[in-house]
Amino acid sequence: MLIAVVLALCGILAFSPQVVLSRFNTIKFSSIQQCGPFSVTFSGGNAPTALPLTLTVVPFNSTPISITIPEDSWNATTSTGAAVTFLPLPAGSTFVASLDDADGHPTGLVSDVIAIENSSDTSCLPPQAAATTPPFAVDTSTFSQCAPFNVSYDAAAGVGVPKVRGFIPRGFSLYMAQNSTDEAASIATYTMEAFRGLQIALLMDDGKGHRQTTAIQSVLGDSTSSAKCIHVNVTQISSNTTNAMNSSQMMTTEPTTSVKLSKGAIIAITVVSVALVAGVLILMGLYVYRERKRRRALRAQADVERQSRYEKPGELDGWETTVLPRPLSTDKSHGRPSSIETSNVPRKNPIYVTARFDKSPTSPEFIQYAVAETGPTANSGTWPPLQSAGVRSLAPTPSQRSKRRPSVQTLRSLDIEQILARATIYEEDRQRGEREQEEVALSPRKAPSPPPPALKLDSPPRKDTKLLNVPRSPAYSLASTSGGQSAVDVPYTPASNYTRMSAASPWMMPPSRAKLADEGARTSYSGTAL
1 MLIAVVLALC
11 GILAFSPQVV
21 LSRFNTIKFS
31 SIQQCGPFSV
41 TFSGGNAPTA
51 LPLTLTVVPF
61 NSTPISITIP
71 EDSWNATTST
81 GAAVTFLPLP
91 AGSTFVASLD
101 DADGHPTGLV
111 SDVIAIENSS
121 DTSCLPPQAA
131 ATTPPFAVDT
141 STFSQCAPFN
151 VSYDAAAGVG
161 VPKVRGFIPR
171 GFSLYMAQNS
181 TDEAASIATY
191 TMEAFRGLQI
201 ALLMDDGKGH
211 RQTTAIQSVL
221 GDSTSSAKCI
231 HVNVTQISSN
241 TTNAMNSSQM
251 MTTEPTTSVK
261 LSKGAIIAIT
271 VVSVALVAGV
281 LILMGLYVYR
291 ERKRRRALRA
301 QADVERQSRY
311 EKPGELDGWE
321 TTVLPRPLST
331 DKSHGRPSSI
341 ETSNVPRKNP
351 IYVTARFDKS
361 PTSPEFIQYA
371 VAETGPTANS
381 GTWPPLQSAG
391 VRSLAPTPSQ
401 RSKRRPSVQT
411 LRSLDIEQIL
421 ARATIYEEDR
431 QRGEREQEEV
441 ALSPRKAPSP
451 PPPALKLDSP
461 PRKDTKLLNV
471 PRSPAYSLAS
481 TSGGQSAVDV
491 PYTPASNYTR
501 MSAASPWMMP
511 PSRAKLADEG
521 ARTSYSGTAL
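Everything in the sequence shown is counted per the working numbering, starting at 1 for the first residue and increasing by one.
Be careful, since some hints might not be right.
Cut-off 30 Å, straight-line C-alpha distance, at most; resulting in silico cross-link-like pairs (DSSO-like, lysine-lysine) [what the hints assert, rightly or not]:
id, residue 1, residue 2
1, Lys-208, Lys-163
2, Lys-228, Lys-163
3, Lys-293, Lys-208
4, Lys-263, Lys-228
FYI, nobody ran anything at the bench for these hints, they're computed from the structure.
Just so you know, these numbers come straight off a predicted model, no measurement behind them.
All chains, full assembly: derive it from the sequences and hints.
Pasting the structure below:
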């Protein structure tokens, strides 16, 4: 970064406006009448160090006029200046003007050709002087681009070798290079440092008070003319600068400069440009990197929040319903008969012999444990399994469903419907049992009929109830002896037959399964499956 700053400073110094001594940005010359005021204004730029300023007026083929401008005419605060003077030139005279410093160097461009207008005022005109021989003579026929021309001077009259300065209207003023001097012949040779096609007026000054101007002349030349002598870039001066303007117009001259970059400046420009472009690219890369990093962090945070929101365990997450075996009914109508029931009181069929409970309480088809709902098993005889006696419990067992996706599990609607249906069945059975008990208690007791004669006299020995080998088949015959009576083979009768027989003979009601294990009863089983 420090290197980039240094290079930027070098570039600024290389291309910043340089201090140009004796140069104003704008110089304006007013029109003039005979013996009228002539003003010049200048602004911008910097005042020359060699003061005071001098207004050089070059009337063609005459004697030049130099007017000193006071130093207070320049305001350094506002960078402006102005001066007013009078020119002792008669009407019809033409001239060009230049604002110079105290050393005779121009501070701006030369004015356009100005003509003095007519006026009745003659107070500024000098008296008529006798004709004199000019101190210098110039061969204007040899005015050609980069070609030598001769200036002769009157050495016998004390005229010295002059300095030759050329004035190009609306262009530069420059000194011609002196090539040689022939003191014996009093001739000095100079080089015309002006491009062909331009108009130029010469001013000769030997520094001894001998001064003279030439008429405005055109510079000759062609495409073969050399241009090596040109030290000032005057190519930007258009050809119309040689045309005379109306003398009533304001004459304005603005400097035109030619900037030629050195090799060091070009290198500095290149380095600074590359450094600036590289700096901008680096800053853009850093911005893009930080922006992508910030967006990735935001996406990661959003994913974490979304995952935590979905994976948060619910109240029932990971719990499965399990069906437990149906407990045996403890209702009095299903249990062991009381002392009242053991008496000769007729009873109705128990609940398990109805059409809804047509299975034997001790048969494996009736006692079924919870099975998975994926299909029937080897021990179950029907599908779907009988789960009316089961009670679902919430065991903390993780299910496959909870492992697959993070969701909160609840009881399925089917499970809720089954629970409600089972509760309704239990309530109906309980109410039915209570009604039957009330009917039995309120009905008149009848004397028991004598049992039928024993069909079989041999009675097997008494067996312990714990060692009874109850057949698994629902079809078997029952022979029971109680009170010293012999056993009787009774074929198995379905529940529907028992119901019809009970209506005709109450004493032929089927024995309760709980009574089979009654202590003191002697029971024997015989018969074959139907």
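We went through each hint and held it up to the structure:
1. Lys-208 to Lys-163: Within the cut-off at roughly 11 Å; holds.
2. Lys-228 to Lys-163: Since the Cα atoms of Lys-228 and Lys-163 sit roughly 21 Å apart, the hinted pair holds (cutoff 30 Å).
3. Lys-293 to Lys-208: Cα-Cα ~84 Å, so violated.
4. Lys-263 to Lys-228: The hint holds at about 22 Å.
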